[in-house]
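Protein sequence lines correspond, in order, to chains A and B.
Residue 556, in our numbering, is where the first sequence stops; the numbers in between run on with no holes.
Residue 648, in our numbering, is where the second sequence stops; the numbers in between run on with no holes.
Incorrect hints may have been included.
[Stated by the list, open to error] Only some residues are given here: those of chain A computed to face chain B with a beta carbon under 10 Å:
#, residue
1, Gln92
2, Thr97
3, Phe142
4, Phe194
5, Ala236
6, Tyr337
7, Tyr463
8, Tyr470
9, Asn546
10, Asn548
11, Thr555
Just so you know, these hints were derived from the structure itself, not from any lab.
These numbers were taken from a predicted model, which means no experiment stands behind them.
C-beta atoms are modelled at their ideal positions from N, C-alpha and C, and glycine is treated no differently.
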Amino acid sequence: MKRRNFVQLSSLGAGALLIPNLMMGNNIHAEALLEPGMDTILKKRMADVALNTAKSLGATYADARIGRYLNQYVFTREDKVQNVVNTESFGIGIRVIANGTWGFASTNDVTEDGIKKATQQAVAIAKANSKFQKEPVILAPEASYGEVSWKTPIKKDFKSVPISEKVDLLLTANAAALNNGANFVNSGLFMVNEQKYFASTEGSYIDQDVHRIWPTFGVTAVDQAAGKFKTRDAMSSPMGLGYEYMDGLASEKLVGAAGLTLYRNSYDMVEDATIAAKQAREMLSAKSVDPGKYDLVLEPNHLGLTIHESVGHPTELDRVLGYEANYAGTSFATIDKWKSGNFKYGSDIVNIVADKTQVGSLGAVGYDDEGVKCKQWDIIRNGVLVNYQAIRDQVKMIDQNESHGCCYAQSWNDVQFQRMPNISLEAGKDPYSVSEMIKDVEKGIYIAGRGSYSIDQQRYNFQFGGTVFYEIKEGKIVGMLNDVAYQSNTQEFWNSCAKICDQNDYRMFGSFFDGKGQPSQVSAVSHGSSTTRFNNINVINTGRTV
Amino acid sequence: MAIYTEEEARKIMEKALSFSTADACEINLQGSESGNIRYARNSVSTSGHRSNQTLVVQSNFGKKSGTATIDEFDDASLQRVVARAEELAKLSPDNSEFMEPLGPQVYDEAINYVEATANITPEYRANVANSSIEPAVASDVTAAGFLDDSAGFQAMLNSKGLFAYNKSTNLEFTVTMRTNDGTGSGWVTRDFNDVTKFDAAEASKVAISKSVMSREAKAIEPGKYTVILEPSAGLGLLSGLGRAIDARQADEGRSFMSKEGGTKMGDKIVDERVNLWSDPLNKEVPVATWNGEGQPLKKTEWIKNGVVQNLAYSRFWAEKKGVEPVPYPSNLILGGGDASLEDLIKSTKKGILVTRLWYIRSVDPQTLLYTGLTRDGTFYIENGAIKYPVKNFRFNESPIIMLNNLETLGKQVRVEGNLIPYMKIRDFTFTSLSDAV
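Chain B with its partners taken away, still in its complex shape:
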């Protein structure tokens, strides 16, 4: 079993640290157990289990540092890995951007480990596959899906007295249902820290329903449309905004967050209803309360009422600029509203419902322009109801333009560890049609 308790992890790391003769030494220990099952053509295709654990030692003498790793934790092995890190450090050149390890920190107690998820069995995974395949067969639909679950821990100890430990669990599920006549496709995604919140049959039913609904889609002209983006589709574009918050890139003039003579810190860049933050203790999307550098992670506002509140400063860049470091977010939470998907559809005179976006690629980092396509369930809405499925579109859009064209924010849903609302957006730019089903 690759998952150590806090005490077990501390004991191994303290032993390794006892061998250190460097000016400072930082030790990271991590391990995980994960399992998966993959199915396609209404049959299981592969399944597997992975187990791993690694100890990483970083030693430094002044601004010289060396790193070595090992996956055996007996005394002799620990001694060997520390010696190797020190040997590398002594002979390395000064790193002008090296930062001393942090001293002791105070962390909030994390809530991202659920025992039930750690106890998932191969039988459970097989039943998940069956929960998709059986109803698919009954609906003249073919299922292709993937379930991956994991439990793990990470721990950190350094010679300046810092100690951190976190256990986490996660489950990710996606399934694509394609109608057997090849004209319809539906998809759904679910992810949780807590497996008891997951209902494979319910999720599969959504995908089956979308696939059947999307049969024989009609072609309509590309152009600017009001769209309802399901949370997965919204995240695809918001991720680009999340990656643009680096302060150094902004200061260097090579980021969307750069502007003539400075950065966009304090500027209103999107609709005033947009609030974007990260929070490791959010009950729906909890993550560890510290990052790989041992910095405490707290709730951090990135955009408030449409205004840029923070950029992420590495410890090096913060020191250079004379500001406090701002750690990168481990999750993204976009504030939502009360409207359900049904409410958003009802309030739409003409528009397009988008299940997901696919093959999203940056076109211009200056403007955060992205391209990609809709996939697995795209529907035309008229007078408050879904009228018919439509062929997929290619879009060329920037999350900044999108969040300036905001009509309504709906209820939030967890997607890939983030909390994203349904969004209704006007004038979303579709540039061409795709025949892909």
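So here's chain A without its partners, still in its complex pose:
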């Protein structure tokens, strides 16, 4: 990469400070993103310092995570580059069990002395907190994997793509939006590389290189005379892919309803911005929805968020047990319901799987942040709740002896805890297309893209909006709608699931900054599905006069 290409665009002021602290490392040159970082042999030696120190202080278990987190964010507005931010964060987090209690400490002083001090602190915290511990921590057994590695299977590393290419793409998309009816457009590219080294006293030394990317924009059309404005956001999805996601391959495009183009593993940002501008302008004069019961045809980039909120979060075992009670809440999917073996979470065609190995997904890794080899497992099978998401110190509480591999920390200086894996709805088994689904709907609404979303603290009652809405009458799309939101109860909603399109329509939605915990941490996760129909759902009109 040519140095000038980066530098010309990377220094647009203090806007970098607007990035949330938890995502910030130190600002660096783009070239520094390409530096190899600490050698694996040295990482092993440093990790062993932590593990040996912990053991010598009486810890019965310890793990060390040496992390190097490289981020690049590019932001533009209309024809201006607002900011390019490159950050790096490097350090070690040490977690121990002493006196049967967890302790954690971290430091960016990755030297023998620095690591020893942090380890001493972690052990001291564990021993201090053991006064309040009711029962000792018991870890599910896990194999020792020796020295292994894993890498997101990317084709193009974002770090080796010139900034100018990224900026050109965003500005071209912005221009396409402005030339097609938009008054304003903001666009951005989020790119993340986690270089994570994990070692434990159980004998695993795991080196991982994780990549994620999220291109996005918001296009706004304004009717100044009427004092109205409407915004249409991108139909992209955050993905666990390299920069090849931005290639816009025709082979990865899908035809949605109402002239929408949708994207699977390759995103055409300029095309989407063009369509978005036209749709934002169309929204200004779209019909306001008549409230009532509708059959909803939900496009995967919309349904993913519904899956996330109404299935992903309530089946997190730490929430079920009460560890999140003061913040994100608890869950209606209680242990007794799971133990009954017949709790009908959804209709018979609802099969929801957890999968930390799905190629292209945000949550895919080889091993989680406590050294567990990742896998796929069922959460809901034939509509029945069959399992949760759990980590090593939890599975015994659901009578299991094998971790699900859901442990994650947003950085080396945060303690790892249970986070959502990819949670996805299986595609329909029989051939069935989106157009066939729409033909089967008498009175319905087709909803694409994420919108406003809200759900209660036990995940019963929710209200979701969307990006675009189209009315379906007697098997045909008849026009765009405004002011649409649907409300339901999670169990009723999933039991109204009537039909699912086949694998040809399957694709992933993603959440890049999913928050949980106190202090709050973010994680990234994908949710796959095909277009799906839910019958007789309550739709409200959100239009107001103020």
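With chain A fixed as given, assemble chain B onto it according to the hints.
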């Protein structure tokens, strides 16, 4: 220790500035020490301590600027970070919205640092957890809580002669108490600059009491109700109004504050009893007296007698529009009255008491419509007394509609660094019921 005195901070920044060769250079230095403890299931789950300090250099040549950061402050490191910022600036394109750094400013003396808060110990945090857990166990209730305290400083120096320094402390506490039969839940929040104002046992008692009171809630029909919003619930919606005051967005026609052909500046948008302002020197909710751009923060009226008085103008947008910049608020203060919560309940024939609102999301930025739910203590009031707990509701409401349906403003309470009164509102829109406890 990551907290520097004014003299220590100035010395480091002056040293960095001495290396500058740019047209102008701005240096920010900040550091903090914070600690936390988290508990759930009547047991401590995690606790931690964080310490950090960062120096940020922004250099500019004309309208070109570059930014670099570092967390080591020896001479060589300072020289390196300044050189890197300048190198980036020289090679950057002109930024058409770049604003020259400000010259020297006069700031009021801030009152947002309290030594006692900076001296909080791990033992203090453990005792806070114990102050919740012990009474919870005694009441057949399970506690889940979080305490986070911090002390920090921020300082700014630039080549135009501006210098600013502020030290601050803060403490935030929340606890949720759930009855062991799973049918009741109560919550409380407290935050202060001054830890001596915080009583963990008192706060925990409120949450325990609410959880016990809220057991076995009854379902009543959603619809329009008179509500008493506790300050935390009120803030959830007022925050949306606070975010809508950007002048540029309003001028561009994409804000609630836009209207046909202009903005709502000078328009009466809510009940005439509504007065909303910000004030860095308010004794209950003090903040720094300058912002990240070095602009002095003064008491600023946003809404007076229901009329929009000010919109926030960035320096760039103010210059473009030929007006004075108006910095964004660092706190929100909504004028209140004398009525206590008990007074408001006594004066209510039929209504709903709302402890807090949860998962608030924007539904329509045009009308500031928000949705969300009640949580952790929702009660039906009849003839001046709480009659029974009710199931939680989903609401769809705009703070603008809410403040036009104002019945009574009660006493103010500090919430998340803001000062918000209890509010009684008529015709608050609940659209569905939630079974969540």
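Quick rundown of the hints versus the structure:
1. Gln92: holds, 9 Å
2. Thr97: holds, 9 Å
3. Phe142: Interface hint status for Phe142/A: holds (4 Å vs cutoff 10 Å).
4. Phe194: holds, 7 Å
5. Ala236: This hint holds: Ala236/A lies near chain B, its Cβ roughly 7 Å from the closest one there, short of 10 Å.
6. Tyr337: Holds. Min distance 7 Å.
7. Tyr463: holds, 6 Å
8. Tyr470: Check passed: Cβ of Tyr470/A comes within 5 Å of chain B, closer than 10 Å.
9. Asn546: Because about 15 Å separates Asn546/A from the closest Cβ in chain B, which is outside the 10 Å limit, the hint is violated.
10. Asn548: holds, 8 Å
11. Thr555: With a closest approach of 7 Å, the Thr555/A hint holds.
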